[in-house]
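Enquirer: Residue numbers (our numbering), protein chains in the order written: chain A, 1 to 130; chain B, 1 to 130; chain C, 1 to 130; chain D, 1 to 130; chain E, 1 to 130; chain F, 1 to 130.
FYI, nobody ran anything at the bench for these hints, they're computed from the structure. Among the hints, a few may not be true.
Since the list gives no way to pick one copy over another, a pair counts as held whenever it fits inside one copy or between any two copies.
To be verified - Derived DSSO-like pairs: lysine-lysine, alpha-carbon spacing no greater than 30 Å straight-line:
id, residue 1, residue 2
1, K118, K13
2, K13, K57
3, K118, K78
4, K57, K118
There are 6 protein chains.
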Amino acid sequence: MKESDRYARGWAKLKEIDGAAGERVIDFLNDIAPDLGRYIVEFPFGDVYSRPGLDLKSREMVTVSALTALGNAAPQLKVHIHGALNVGCSRREIVEIIIQMAVYAGFPAALNGISVAKDVFAERDQQGLS
Amino acid sequence: MKESDRYARGWAKLKEIDGAAGERVIDFLNDIAPDLGRYIVEFPFGDVYSRPGLDLKSREMVTVSALTALGNAAPQLKVHIHGALNVGCSRREIVEIIIQMAVYAGFPAALNGISVAKDVFAERDQQGLS
Amino acid sequence: MKESDRYARGWAKLKEIDGAAGERVIDFLNDIAPDLGRYIVEFPFGDVYSRPGLDLKSREMVTVSALTALGNAAPQLKVHIHGALNVGCSRREIVEIIIQMAVYAGFPAALNGISVAKDVFAERDQQGLS
Amino acid sequence: MKESDRYARGWAKLKEIDGAAGERVIDFLNDIAPDLGRYIVEFPFGDVYSRPGLDLKSREMVTVSALTALGNAAPQLKVHIHGALNVGCSRREIVEIIIQMAVYAGFPAALNGISVAKDVFAERDQQGLS
Amino acid sequence: MKESDRYARGWAKLKEIDGAAGERVIDFLNDIAPDLGRYIVEFPFGDVYSRPGLDLKSREMVTVSALTALGNAAPQLKVHIHGALNVGCSRREIVEIIIQMAVYAGFPAALNGISVAKDVFAERDQQGLS
Amino acid sequence: MKESDRYARGWAKLKEIDGAAGERVIDFLNDIAPDLGRYIVEFPFGDVYSRPGLDLKSREMVTVSALTALGNAAPQLKVHIHGALNVGCSRREIVEIIIQMAVYAGFPAALNGISVAKDVFAERDQQGLS
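Bound conformation, chain A alone (with noise of 0.2 Å):
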């Protein structure tokens, strides 16, 4: 495999996952750190959610509930609870997860959480998307 194959697989995976908020992140780096952006599209996008072996939406949710469970990436959080909506997650979905966090990460990790998935629902909620 060439090395642009692995992007363009990367890019078209990001696409339908965050499709707009995924490109504005690359964007953002583009004039700092543009490598990091293309590592992004690369190995997490065309090398992991590319692979067989566990579906798009259940790789969405095991990535929303460790960041909320980490806690402190609030920004990457609110992409993937927008992904695991766009591919296939219900909102009640992504909010028995982040409940389910309280268990192994605390109440406030929860509440952050849901703090989040509040704002990415009401966004959806303008833009007529479930």
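Model the placement of chains B, C, D, E and F on the given structure of chain A, informed by the hints.
Expert: Only chains B, C, D, E and F this time, still in chain A's reference frame:
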């Protein structure tokens, strides 16, 4: 609902997911903090894992990713990899989830998660479990 | 004990400790995750903070130190600095706890904790609270 | 104040709180990083634990909660559970503090904290300590 | 050595590394926790950054990586990216360090670190600093 | 560039930095998650450590500080202290980096880092390495 119903429901759910390993956690707490054992039965299992809105396999998958990402809860990760396999996850799916955590929590977290999974898989091989 | 007793006890404890700020947290959850709000009333407040064996002032002090050390839960730290002051801590004791966290979680955690405390003290000055 | 006073005050405080276990930490550092040992005597013990404004029992309690919540400092949690008991905490209070951390840092943190406390209590039983 | 020497040495080091931004941190603490400000001058700057055995540029580089990896100390990361640039790091080196943290702490930590660096570089452009 | 070049470059870099210890990590993954091993060769080593803009010694130093600060990756910290020494760091510099982490991540993180360094230094003494 009576409190006793909540405990009974949690105990059944704990045994469904974690089997004897779950019971050993509760036993371990019996002489020093029995109420913590009771809370574990009642809140995570009686309340959260018993909720509708997210299937049990998904609940275990998001717990495996969160504990891998947090990286400071190896004993609990072990119990929940067993639990995930007990409720329908494949070993392949466990490995995929842990690999994906390299993206969100770094390669050390993924490597240490794989190390726990390797121990769990070896234990299950000895017990003739999938 | 009936479930409803547990909720009532938790609600009373929540109001004793956190006053209106605690109620606002529950309200915030009402439209998106009301069960998380119910769990917060029932488990942390109805179960844990209602336990004998440790006085309420000490319970709030150990929460302030833990949230300062974790460093990723500023909104909850704010609520619990208010809570600690509401149940008998002095501002001096709050500051001492946060300074001590420099030893265990590093100076950035302590600095960010002091920043939250400064906001809380200013709010209380405006409200004429100690 | 002379530097030597600061060290002497810290050493006395270290021995008051942690006894032989504290000395062993300093000894452990002697051949590889003696200045880190000196800093531990001078800053945490000579400066922070020697401050007025918060009693020593409370200082140890907030350290136990913070180390339980952080979840990556088991050796230090062990030393400070001993320390807390040495300066007037009861075993019951230690258990209460750790249980409460389930709320703020999740059940795995609380379980791993209880596991450390169980070891400490067993050591003290053997030594005839409360 | 007298205590006053330690403070003087720390203050000089703080100004050498962080300039006015460092002084603002100490000022911020003056009305609420002046002793924390004094400890910051004395211990990190008077003791640690004044040590031989590692050059100042390297000391700032390892601080930038650690704060990026921890991911919960954005204000301090900002101060230390300024500090690193003040003592001889290039912007390119800062970006390289932060990109590398994607490996050890995950892509969200690296992205949030780059976001802080972008703000710092913009501030320095306005001030005509390299 | 072809993918195979990326792997080859990463493998050479891995061996340059970590020697046999790096190979053992990849071997360990072979039966359970060989693709994670491949990613480690390709992304951290083939992409990141192979970048210009920051010398290899500095790259290892910032990894040692980050892993010390995170505090939940002792096996990886061990590999990278070896790596840092292999590419030109002195033991003194390693100790300085770890001591400095007391400032940013607290004394427990520094103590646990020193404990890992002590093991590494003893291993290298036995092997006649600097």
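Enquirer: For each hint, tell me whether it holds in the structure or not.
Expert: Hint check results:
Taking CA atoms no more than 30 Å apart as the test, K118 paired with K13 passes in both settings, with 25 Å inside one copy and 27 Å between copies. Taking the shortest alpha-carbon separations for K13 and K57, both the intra-copy value of 13 Å and the inter-copy value of 25 Å come in at or below 30 Å. Proximity of K118 and K78 under a CA criterion of 30 Å is satisfied in both settings, with 10 Å inside one chain copy and 21 Å between copies. Taking identical chains as interchangeable, the C-alpha atoms of K57 and K118 lie at most 30 Å apart whether they share a chain (20 Å) or sit on different chains (25 Å).
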